[in-house]
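Protein chains in written order, with numbering that gives the first Met the number 0: chain A, 0 to 219; chain B, 0 to 425.
The set of hints was computed from the structure by calculation and includes no laboratory data.
Take these hints with a grain of salt, some might be off.
As the list claims (entries may be wrong) - The calculated EDC-like cross-link candidates involving lysine to aspartate or glutamate, where the alpha carbons are at most 20 Å apart (straight line), are: (1) B/K285 to B/D97; (2) A/K13 to B/D417; (3) B/K221 to B/D97; (4) B/K52 to B/E284; (5) A/K13 to B/E192; (6) B/K136 to B/E162; (7) B/K8 to A/D58; (8) B/K52 to B/D89; (9) B/K165 to B/D113.
Claimed, not checked - Pair ranges (Cβ atoms, derived): (10) B/H12 to A/G15: 35 to 41 Å; (11) B/L363 to A/K13: 28 to 34 Å; (12) A/P39 to B/R340: 38 to 44 Å; (13) B/V15 to A/K13: 49 to 55 Å; (14) A/Q12 to B/L363: 53 to 59 Å; (15) A/T67 to B/V316: 20 to 26 Å; (16) A/T67 to B/R340: 52 to 58 Å; (17) A/G14 to B/H12: 38 to 44 Å; (18) A/R9 to B/R340: 27 to 33 Å; (19) B/V15 to A/R217: 50 to 56 Å.
All C-beta atoms in this analysis are idealised placements derived from N, C-alpha and C, irrespective of residue type, glycine included.
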Amino acid sequence: MLGCHNISKRYTQKGGPQIEALREVTFALSPGDFASVQGPSGCGKSTLLLVCGGLLSPDGGQVLLAETDVYAQSPNDRARLRGRHVGFVFQQFHLIPYLSLRDNILSGSLAHERGCAETSAETLMTRLDLHDRAHHLVSALSIGERQRTALARALVCEPQLILADEPTGNLDPDNSHIVLQSLAEYAQAGGAVLLVTHDPSSTGYANRHFVMNRGVLRES
Amino acid sequence: MNVWHLILKEMVHRWVNFVLAGMAVVLAVSSVVGSTLFLQQFNHVSEAMIAAKQSAVEQQIAEMEDEFRVITKRMGFNILILPKAQSLADFYAESYADETMPESYAPLLAAAPDIVTIRHLLPMLQAKVEWSEKKRKVLLIGVKGEMPWAHRSNLKPIMEPVESGKIAVGYELHRSLSLNQGDIIQVQGKAFEISILHPERGTIDDITLWTSLEDAQQMLGKAGLISAMMALECECAWANLPKVRQEIQAILPETQVIELSGKALARAEARRSAADNAQALLDREKANRMAMGRQRERMIASIVPLVLTACALVVGVLAWVNVRERRIEIGILRAMGLRTRSIAVVFMGKAALLGLLGGSLGVLLGAGLFLALGPGQGASQRLQVAVSLPWLIAVLCLTPVVTLGASWVPILWAIQQDPAAVLCEE
Ligand SMILES: Nc1ncnc2c1ncn2[C@@H]1O[C@H](COP(=O)(O)OP(=O)(O)OP(=O)(O)O)[C@@H](O)[C@H]1O
Ligand SMILES: [Mg+2]
């Protein structure tokens, strides 16, 4: 599903030292894998997600997504690959403020030539207990509802891989549970999840555990 | 869910931005539409006004020319071409010219290609003689008939020629001598048949005998000579004797030209100068209106581009603000797989919609303002001018192009955003 081979990524700041965000990272995820990545702040976790999701070219190594070498593709093909196979969930949700909850979920299908089934959105809203808020704007939603909406948006077109960057970082335990549980169910249904988190309790939902330190990834 | 859905929702949500940009577009379009319509209407009104006055002046000129025609008809010949040697003092004292010039002058003048100021040319030989048979002083005039013009159509003659052996007799003569048409009379030993008895004219005509030119030349012993040519000025040269003189004397330098004037002519001259004045006034007014039109055009040509530039700037700045505000959205859309082209469509669609809506409202506002405040009389008349459909359509089509152009830099910036950089920002 997802394969990373010897990925390295360096940030060069003008006048500052070079930062090695990823060093020779190699790992692979298969359908059904729910992988958690833990590590101290600044160790390169977010960088790893962006590289895996085809949003940030690595300086070395290869990323394979659905048997395709992501960074050998043109930017447009890479976008198509993302749209078809990857769903993102961010700590800050990044919902579109002028769309209703329901439209935000459906916006996950914008990149698809054939919009994904609206029924899928309905199902997700029911499952994530968002139904009675379907027509509210983002600003009228609670933090937990926002993150559940972001999760539904990532899931609406049933991607093969979910990349989640601290999705529970802003959530209370109940909402954290709902989100993590949904991700676990998604993995059980044959998806792959790469979850970056600070929260030790969230690792309990994962079936594979990685630790990251100064750009080096180890499976534990 | 599609891109248009996104565009519409965003527009409604951030309506202040959209309304401000829309107002700029409306202002720009309405100022273009309004000022163009105002100019069009101004020119239209000018044309109508000038045309009305022109037709009035033309009417005046036509009346004057009619009057000229009547006068000419009544007056007959009014130009007299005399030998240069003829003393005018003697001519006025005796009412005829006793100097002579070659008869060939007449065909020479009639054959001149560029003579325009006179019509009807009648060569004649005149002499005051003692009619020996009747013991009377008479004026004997030999007339040849009007010369045919070589270079233009000939008109019905004013005076019919007298045939050889015939004679026309003035009123005083035939009255006092009890002459009748068909009588044979002797003049200087030559027999003539009376062909015409002229009615009373109260001039020297009343004691005049008219014969053919050859008969008169023979009787007076002046073969091949004439003493005068009568002609009629054409309307174009009325009251312009110098012009007639110049033209005739260019061909016949050994002649002099006098004009037989009268009351009718003086009145006609007055009318002519009135008509000339009216035309001159009209020409001045025409020039005035045109200058005013040009001045307005210049003013509009300097103000409208300023307004357009200012509005385009406003649209551009507002597009920039909008794009900046939507960085995260751009990032997340890119992360979800939208290509740069689709991102461009999101912003271009909005700019085009802005142009279309603002353009339509601007056209309505411009046309409405024009109808409410424009120059000219009836609203319906103004509307007729206003509804130049292809032009309005062109404005409606061009406005989105302009708004797209004004938003181009922000759109370019938007599609160049690196989603990774945006999404990692807190
Ligand atoms: N665009 C960038 N330019 C320069 N340096 C960067 C950039 N993005 C990240 N870094 C640096 O790279 C390192 C890894 O950053 P990254 O965001 O991946 O860390 P992280 O593990 O996600 O941290 P956190 O847990 O606080 O989110 C950090 O030291 C960070 O300062
Ligand atoms: Mg991070």
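Evaluated hints:
1. Taken as a hint, the B/K285 and B/D97 pair is broken in the structure, with Cα atoms around 54 Å apart against an allowance of 20 Å.
2. As the CA atoms of A/K13 and B/D417 are separated by approximately 18 Å, the hinted pair is consistent with the 20 Å bound.
3. With a CA separation close to 11 Å, the supplied pair B/K221 and B/D97 stays within the 20 Å bound.
4. For the given pair, B/K52 sits about 10 Å from B/E284 by alpha-carbon distance, which is consistent with the 20 Å threshold.
5. Of the pairs offered as hints, the one joining A/K13 and B/E192 is violated, with about 132 Å between alpha carbons and a cut-off of 20 Å exceeded.
6. Restraint check for B/K136 and B/E162: the C-alpha separation of about 23 Å exceeds 20 Å, so the hint is violated.
7. A hinted pair counts as satisfied when its Cα atoms are at most 20 Å apart, and B/K8 with A/D58 does not qualify at roughly 39 Å.
8. Straight-line distance between C-alpha atoms of B/K52 and B/D89 comes to about 50 Å, which puts the hinted pair past the 20 Å bound.
9. Proposed proximity of B/K165 and B/D113 is contradicted: the alpha carbons are some 35 Å apart, above 20 Å.
10. Separated by about 39 Å at the C-beta atoms, B/H12 and A/G15 satisfy the suggested range of 35 to 41 Å.
11. Range check, B/L363 to A/K13: Cβ separation about 53 Å, and the 28 to 34 Å hint is violated.
12. For the pair A/P39 and B/R340, the supplied restraint of 38 to 44 Å holds, since their beta-carbon distance comes to about 40 Å.
13. Our hint of 49 to 55 Å for B/V15 and A/K13 is violated, since their Cβ atoms are close to 38 Å apart.
14. Distance hint for A/Q12 and B/L363: a CB-CB separation of about 55 Å, consistent with the stated range 53 to 59 Å.
15. Checked against the hint of 20 to 26 Å, the pair A/T67 and B/V316 fails, with Cβ atoms roughly 42 Å apart.
16. Between A/T67 and B/R340 the C-beta distance comes to about 21 Å, which lies outside the given range of 52 to 58 Å.
17. Taking 38 to 44 Å as the suggested C-beta distance range, the pair A/G14 and B/H12 conforms, at roughly 41 Å.
18. Range check, A/R9 to B/R340: Cβ separation about 31 Å, and the 27 to 33 Å hint holds.
19. One distance hint, 50 to 56 Å for the beta-carbon pair B/V15 and A/R217, holds here, with the actual separation near 52 Å.
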